[in-house]
Amino acid sequence: MVLLAFAETIQLVPDLTMFIHIALILGMIWLLNRTFFKPINQVLDARERNKGGRGGEAEKILKDVAMKESAYNAALLEARNEGYELIEKERAEAVEKKNSDVAAIKSEVADYLEKEMADLEKQTADAEEEIKVEAEKMADKISANILRAA
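As numbered in numbering that gives the first Met the number 0, the sequence shown has no gaps in its residue numbers, which increase by one up to the final residue, 149.
Treat the hints loosely; a few may be bogus.
Below, a list of computed lysine to aspartate or glutamate pairs in the EDC-like style, where the Cα atoms sit at most 20 Å apart [to be verified]:
hint, residue 1, residue 2
1, 105, 95
2, 96, 84
3, 62, 47
4, 136, 120
5, 97, 115
6, 37, 47
7, 97, 107
8, 105, 115
9, 140, 128
10, 67, 56
11, 131, 115
12, 96, 113
13, 121, 139
14, 131, 120
15, 88, 100
16, 97, 113
17, 67, 77
18, 136, 125
19, 121, 110
20, 59, 47
Derived from the structure by calculation, the hints contain no laboratory data. All values derive from a computational prediction rather than experimental measurement.
Please build the complete structure, drawing on both the sequences and the hints.
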């Protein structure tokens, strides 16, 4: 409150003091970086380079895990492809076997049909021959009966 009493007015327009403050802040950042943060950052970098123990080991483990995971994924993909190829091969063999079985049965049915047709034609010829013989016998019998009656 006492300070406000000495101020005559509040300035809303920036003047040269604002640029001086910005320059002072930038100067302090530069000075702190050179004197305080640079040595601390050097110590941290040296520690990171020299630790070689847990940090390096963790990175090595992560690399090994990534390599093993990629090898596992490649092996899994290869096994999946082999499985698909085996399934496709089995399916093709089953289709081929089915087609050959159907062709064999068709051939067997055609042979059986041909044999039965030949047998039917033979029976038809035998029946026609028998009917002819019976017709001649009947004709002889009828003509004998007609001649006897006459």
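These are the hints, each one checked on the structure:
1. A C-alpha spacing of about 15 Å is found between residue 105 and residue 95, which places the hinted pair at or below 20 Å, so the restraint holds.
2. Between residue 96 and residue 84 the CA atoms are separated by roughly 18 Å; this keeps the pair inside 20 Å, and the hint holds.
3. Proposed proximity of residue 62 and residue 47 is supported: the alpha carbons are some 18 Å apart, at most 20 Å.
4. Between residue 136 and residue 120 the CA atoms are separated by roughly 24 Å; this puts the pair beyond 20 Å, and the hint is violated.
5. For the hint pairing residue 97 with residue 115, the CA-to-CA distance comes to about 26 Å; that exceeds 20 Å, so the pair is violated.
6. For the hint linking residue 37 to residue 47, the alpha-carbon distance of about 15 Å falls within 20 Å, and the restraint holds.
7. The straight-line distance between the Cα atoms of residue 97 and residue 107 is roughly 15 Å, inside the 20 Å bound, and the hint therefore holds.
8. A C-alpha spacing of about 15 Å is found between residue 105 and residue 115, which places the hinted pair at or below 20 Å, so the restraint holds.
9. As the CA atoms of residue 140 and residue 128 are separated by approximately 18 Å, the hinted pair is consistent with the 20 Å bound.
10. For the proposed pair residue 67 and residue 56, the alpha carbon gap of about 16 Å is at most 20 Å, so the pair holds.
11. At roughly 24 Å between alpha-carbon atoms, residue 131 and residue 115 are farther apart than 20 Å, so this suggested pair is violated.
12. For the suggested pair residue 96 and residue 113, the alpha carbons sit about 25 Å apart, so the restraint of at most 20 Å is broken.
13. Among the hinted pairs, residue 121 with residue 139 is inconsistent with the structure: their alpha-carbon atoms are about 27 Å apart, more than 20 Å.
14. Taken as a hint, the residue 131 and residue 120 pair is honoured in the structure, with Cα atoms around 16 Å apart against an allowance of 20 Å.
15. Between residue 88 and residue 100 the CA atoms are separated by roughly 18 Å; this keeps the pair inside 20 Å, and the hint holds.
16. Using a Cα cut-off of 20 Å, the hinted pair residue 97 and residue 113 is violated, with the two alpha carbons roughly 24 Å apart.
17. Between residue 67 and residue 77 the alpha-carbon distance is near 15 Å, which keeps this suggested pair within the 20 Å criterion.
18. Of the supplied pair hints, the one linking residue 136 and residue 125 holds, its CA atoms being roughly 16 Å apart against a limit of 20 Å.
19. Straight-line distance between C-alpha atoms of residue 121 and residue 110 comes to about 16 Å, which keeps the hinted pair within the 20 Å bound.
20. Our distance criterion of 20 Å between C-alpha atoms is met by residue 59 and residue 47, whose separation comes to about 15 Å.
When each numbered hint is compared with the structure, violations occur for hints 4, 5, 11, 12, 13, 16.
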